[in-house]
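Model the placement of chains B and C on the given structure of chain A, informed by the hints.
Chains as they are written, first to last, in the numbering used here: chain A, 1 to 303; chain B, 1001 to 1286; chain C, 2001 to 2372.
None of these hints come from the bench; they were simulated from the model. By construction, the Cβ of each residue, glycine as well, lies at the ideal position given by its N, Cα and C atoms. Incorrect hints may have been included.
What the hints assert, rightly or not - Residues of chain C clear of chain B, computed beta-carbon distances all greater than 12 Å: (1) SER2054; (2) SER2130; (3) ARG2133; (4) SER2164.
To be verified - Simulated pairs of lysine to aspartate or glutamate, EDC-like, Cα-Cα distance not exceeding 16 Å: (5) A:LYS72 - C:GLU2368; (6) C:LYS2223 - C:GLU2171; (7) A:LYS85 - A:ASP160; (8) C:LYS2343 - C:GLU2321; (9) A:LYS85 - C:GLU2368; (10) C:LYS2267 - C:ASP2159.
To be verified - Listed next, with one range per pair, are the computed distances between beta-carbon atoms: (11) C:ASN2120 - A:GLN151: 37 to 47 Å; (12) B:LEU1152 - A:VAL67: 34 to 44 Å; (13) B:LEU1274 - C:PRO2044: 33 to 43 Å; (14) A:VAL289 - B:LEU1201: 27 to 37 Å; (15) A:VAL289 - B:ARG1143: 33 to 43 Å.
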Amino acid sequence: MTSEVGRGTTPADAPEIGQRRSVARLWPAIPAALVLGVLFLGSMAFMVVFSFWRTDADFHLVPDWNVDNYVKFFTVPTYLRTFGKTLVMAAAVTVAALATALPFTYFLVRYVSRRWQRIVLLAVIVPFWTSYLLRVYAWQAILGERGVINQLLMGLGIIDAPTRLFTYNDLSVFIVLVYVSFPFAALALYATLERFDFGQLRAAQDLGARPDQALRHILLPQIRPGIITACIFVFVPIIGEFLTPVVVGGTQGVLIGNLVINFFRGAQIAQGAAFAIVIAAFVTLLLIVFRRHLQVEDVVARG
Amino acid sequence: MSWPVARGIDPIETMPVSPHARATRRALWLWAVIVMAFLYVPIVLLVIFSFNEPASPGLPITGLTLDWYEDALTNRLLLDAVKNSIFVAVAVSILATIIGTMAAFPLVRGRIRYPGAARIVATLPIMLPGMLLGIGILLFLRRVLDLELSLLTVVAGHLVFTVPFVILIVAAQLQGFDRKLEWAAADLGAEPRQAARHIILPLIWPSILAGALISFTLSIDEFVITFFTVGPQLTLPTYIYTQIKFGVTPAVNAIATLLLLGTLLMFGLGIVLLSVGRRVRRRDAT
Amino acid sequence: MDHLSKHFSRRRFLQTTAGVTGAMAMGGFASASRVMAQSPMAGPTGTFNFMTWSDHFYQEQLDAITAAIDITPSISELAGNAEGFIRLGEVGGQLDMISGDALWVPRYFEDGLIDAWDINELEVSKGLYSLAREFDIWTTPAGYLGYPFGWSPVQIYYDPAHVSPAPDSWEVLLDPKYAGRVMVENQPEEVPAYMGKLAGVADPYNMTTEELAQAKELMIRLKPNVLRLAQQNTDVVNALTNGEVWLATGNLGYDERVREAGGPEIKVFTPKEGTIGWMDAEMIVTGGANSALVRPWLEMAQTPEHIAENFLRYGRPLFNEAAYKVLVNNGHQERADRFLYNKPETVQTMTLKGPGTSTQAAIEAFNEVFGA
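Same shape as in the complex, but just chain A (with noise of 0.2 Å):
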């Protein structure tokens, strides 16, 4: 059988037919380009240009070039100090996020019929279609002093007082971001999930290697996409994140985006998109560093 050019490629042709596609293979990326490229990247030249300009005092953005925004984020110690904890938070809520998926996750795609597979992912989703005030409120009732577990404690003696160690602190706020990273996760770990072929792992046991060694080097592996792709899902928004931290956090459970927020909605256009950059550039450079593990391109060839 000849293998015409033209006509899909093989390892051997692979070289030079990919170089002279290459160009010809981008175009499916256009639209994506003309959102990402254009409006995003469009809309954001403005604020970069703003977060070195100053806000008078009647809100107008003056072209006074400065970096003084910028080096209030570095000089005055709460944004970093509440920088790195919402760091720290967001790496939290990613291993809880992933830990709770996962098994979740994996019962689903294994011993779950394809059909029911969709309506439980359904059941999972429809919920965060609701708003998600309401849903933080409700939260509130669960957690609060006067909520749901308080007067279970109570109710079965363990404590006298409703207690606060639900409220407004930290936990909370780790709790209800759990919560809401939760879908995320699981979609993302579904995706690669249920394109793994289990006998594999029977496969692996078969040979003579225990459950957990089976899991660890065959299954991880193949899913680490997946896995990626969920802590990415989980853990940059919660860098942006600051609805949950106000209203079930407290004053305790700050977290950076509250900061940056309190600037825009006070006008001060320049000091918020000053800090705002500042925090996407730590975080993609985060990105950066970790990038081998973070790898997209194609494994070409395999088995």
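For chains B and C alone, coordinates are given in the frame of chain A:
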């Protein structure tokens, strides 16, 4: 791994099952149930609050009433807001899924010089607080493109932060895709486009579905960016969040409950119909 | 007349009063529409774009006006003054009318975003308290800057069962006795202003560096007392009802809402150092595409009957004197007086919320205190 087995039975199922495996399965099942309970407890409370008498949603429950439902269903503004939100979310979900899926291919296979950089650019929108994005997009739409604000500009704004999710999730699945299937198709004479349509897409459907669900979820509850990009229209999140001076009433809980019931019913019906249809077709086929 | 007994839910009561006022309103409309029918020129009809807070109107009011003169506002909700300002700056004529707080109004005007006009053109303006038509900050040579709507001082609420002796000063919020039992709003420009008031600062929105330092000191003492920062006033009402907090700052009317929600009896006072407050107005946007519809609509919307009903529903005083008379005639005088409805001059004793020279510094101070 294969040995002679009756047709239609998965060989895995005929292997002897160790008690170890059975215990694991039970533990996982228990965990799944706990997680579902964790997910639904706040929802149950949310629904209960819609029946609670006081004008401020929350505990204690002083009395039950259907007044808030009456309120919600006669509130023209609220209903308009819901309609607009659904329109935007559906549009965003469809567009983001198409745009994101298309973009995932060149990202993974296009042999771009710096694929990591491309991925990071794709991730940037999610890192930034919504207000920064919202104001930036507003300025860009008005000062550069001189567009009038409307629900369509809202859709554009939402695409900015939903497309990254779709790209990332489809790319992740595409990375692990077994190329041999495509090569086999090519050997059998398929054009790349045919291979894409008939081989790749059907096999990466979980990530496409996940991407669609995620973008819908993100869009239907987005307030900040919507506020800055919407024209003289209301969406449900803007309606809720801007009741700052006066406060939220349980009418909102009522609407949320109705929406929840509505979507669950709709999907439930859809799944039932689909499986009935499949059973009918199978019966006809045999 | 105690109309807030538990068995008679407030909603149903409002409905009956709405029926009464509605009938009166319809009566008013009947005469108004008769007047309009008699006038030789039929007015313009259609839709105009109105960005406002949710308590500036109610559904039946909008429906009644549409039925009478076929003008309907397309409402978009205002999140806050700053966001509204930013948006209006960008969309311009896509809006026709916008609401705004006291000191923001001249801001809008200076940026050429709103028109100055003679509010006495409108018949209904005769129903306004005369002092509302003559606020310095809203007067310009070209005209008045907005149609006055409502106002409220910020007051301190407390639960007398837990807070004693009866407080009279901002100081009570800092009292270590009440650690974790205080709630203030999540407003980074306002909280420093409250503390500024306590420190005796003359102008809490234009503080000098030293004054701001004083306010910051006070905020540091305030922080351990604060349970949480309220995002919406529902939060305050819930917290007072649940007994989670014993002290809270807020607009008028929370004590009633707490009582309704089954909570304890709450008392309220105005701090002796003076307080902050707001008053808002409806502003006409320059170059609005449908601005011809705004004045006829205001003519119908700002009638005493509608304003009276608005007061009953949302519970804060409004600048319409004729509406006060309507309330009195319908037996709501006690409630109206409790809400200081007939004392609009109170506005002149409060420091008005709004942009100032120290806004950015205030936000930074707030962040430094309430950050991690």
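Structure-based check of all given hints:
no. : hint                              : in the structure
1   : SER2054                           : 5 Å, violated
2   : SER2130                           : 26 Å, holds
3   : ARG2133                           : 24 Å, holds
4   : SER2164                           : 25 Å, holds
5   : A:LYS72 - C:GLU2368               : 11 Å, holds
6   : C:LYS2223 - C:GLU2171             : 13 Å, holds
7   : A:LYS85 - A:ASP160                : 33 Å, violated
8   : C:LYS2343 - C:GLU2321             : 10 Å, holds
9   : A:LYS85 - C:GLU2368               : 15 Å, holds
10  : C:LYS2267 - C:ASP2159             : 6 Å, holds
11  : C:ASN2120 - A:GLN151: 37 to 47 Å  : 58 Å, violated
12  : B:LEU1152 - A:VAL67: 34 to 44 Å   : 38 Å, holds
13  : B:LEU1274 - C:PRO2044: 33 to 43 Å : 53 Å, violated
14  : A:VAL289 - B:LEU1201: 27 to 37 Å  : 34 Å, holds
15  : A:VAL289 - B:ARG1143: 33 to 43 Å  : 36 Å, holds
Checked against the numbered hints given earlier, this structure breaks hints 1, 7, 11, 13; the rest are met.
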